[in-house]
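Trainee: Put together the whole structure using the sequences plus the hints.
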Amino acid sequence: MKDLLRLKTSLTEEVESLLNEQIKMEAKSSAIYLAMASWCDRHGFDNSADFFYNQAEEERVHMMKIFKYVNDLGGAAVSPEITNVPTEFESFKGIFEEALQQEIAVTQSFNRIAAKCQALQDFTTFNFLAWFLNEQVEEEYIARRCLELFDVIGEEGIGRYTIDKQIAHVKYEA
Amino acid sequence: MSENRAVFRNEIGCIYQDDKQGCFVLEYNGYKTILSVPCFFCIKKAVDKIDVKAMIADPDPASDIAIISPHSCDRCFVLTIAELLSLKELFAGAKVMLELNSILQERIYSSMVI
Chain A
222 MKDLLRLKTS
232 LTEEVESLLN
242 EQIKMEAKSS
252 AIYLAMASWC
262 DRHGFDNSAD
272 FFYNQAEEER
282 VHMMKIFKYV
292 NDLGGAAVSP
302 EITNVPTEFE
312 SFKGIFEEAL
322 QQEIAVTQSF
332 NRIAAKCQAL
342 QDFTTFNFLA
352 WFLNEQVEEE
362 YIARRCLELF
372 DVIGEEGIGR
382 YTIDKQIAHV
392 KYEA
Chain B
892 MSENRAVFRN
902 EIGCIYQDDK
912 QGCFVLEYNG
922 YKTILSVPCF
932 FCIKKAVDKI
942 DVKAMIADPD
952 PASDIAIISP
962 HSCDRCFVLT
972 IAELLSLKEL
982 FAGAKVMLEL
992 NSILQERIYS
1002 SMVI
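As you go down the protein sequences, you meet chains A and B in turn. So that you can map any letter, position 91 of the first sequence is 312 in our numbering, and since no number is skipped, the others follow by simple counting. So that you can map any letter, position 21 of the second sequence is 912 in our numbering, and since no number is skipped, the others follow by simple counting.
Keep in mind the hints are simulated off the structure, nothing from the lab. No residue lacks a Cβ here, since even glycine has one placed at the ideal position from N, Cα and C. Warning: the hint list may mix true and false statements.
What the hints assert, rightly or not - Computed spacing ranges between beta-carbons, pair by pair: (1) Leu341/A x Tyr1000/B: 14 to 24 Å; (2) Gln912/B x Ala351/A: 50 to 60 Å; (3) Ile379/A x Asp949/B: 51 to 61 Å; (4) Ile972/B x Asp267/A: 39 to 49 Å; (5) Gln339/A x Met988/B: 24 to 34 Å; (6) Lys940/B x Gln339/A: 25 to 35 Å; (7) Gly295/A x Lys940/B: 39 to 49 Å.
Mentor: Here you go:
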């Protein structure tokens, strides 16, 4: 009997489903960052707004990378429905706390998929995920550094203004 | 049906594989439906997604029936809870057999190339 499954796709149903969930997670991250950018824009934090606009774009690029991978391997990538995107945030610092939590959740999610790929011996996808796992080191570093500025500089006086200026200079150098 | 190979069968029907056409055939309630590989998974996902426990718990008579109308399939399924469970079993069983076939193919092919 011909192997119709593998002739159509080299992705298992489990991995395809996990990757589709990740596509959704990246899309949601992108939408949340966009909402954060909007909040920062409204409250006069120009550099932070630019930072989150860039983050939103980056998350969308990540989403598309996974999206194309699923389709390239014969699977069915699902364009995700994104709901419950917040518009209001607690505070300037609260936004960066949420951003870091978001990045940690994304890293954990990639780790879970990588573990599943190893268990299923899907080393093609495992290898594909390595890029994202490396990328998450940078993403978490930047989010953590931004948050640390609040402790290093302090929010009193011109603190928030200075933090916003410094956000533009946060970079990861491996 | 002689060219088709039965993949999995239960009391409500059977899923065959048609090697020549590269598709599956669902024989269910006396009807035959051609299923492409994506359509097979589309129906499987649709039946797996239905919460049978919630259907049973809901006193509304309308919840005793599930309607599945998968894309890329020319058939609509109107299922009672018992039929739904059997269809779930049919697709789950067929998927296991197809995965087993993939494993066998892999073993046969790897023994040929080593």
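Trainee: Name the hints, by number, that the structure is in violation of.
Mentor: 2, 4, 7
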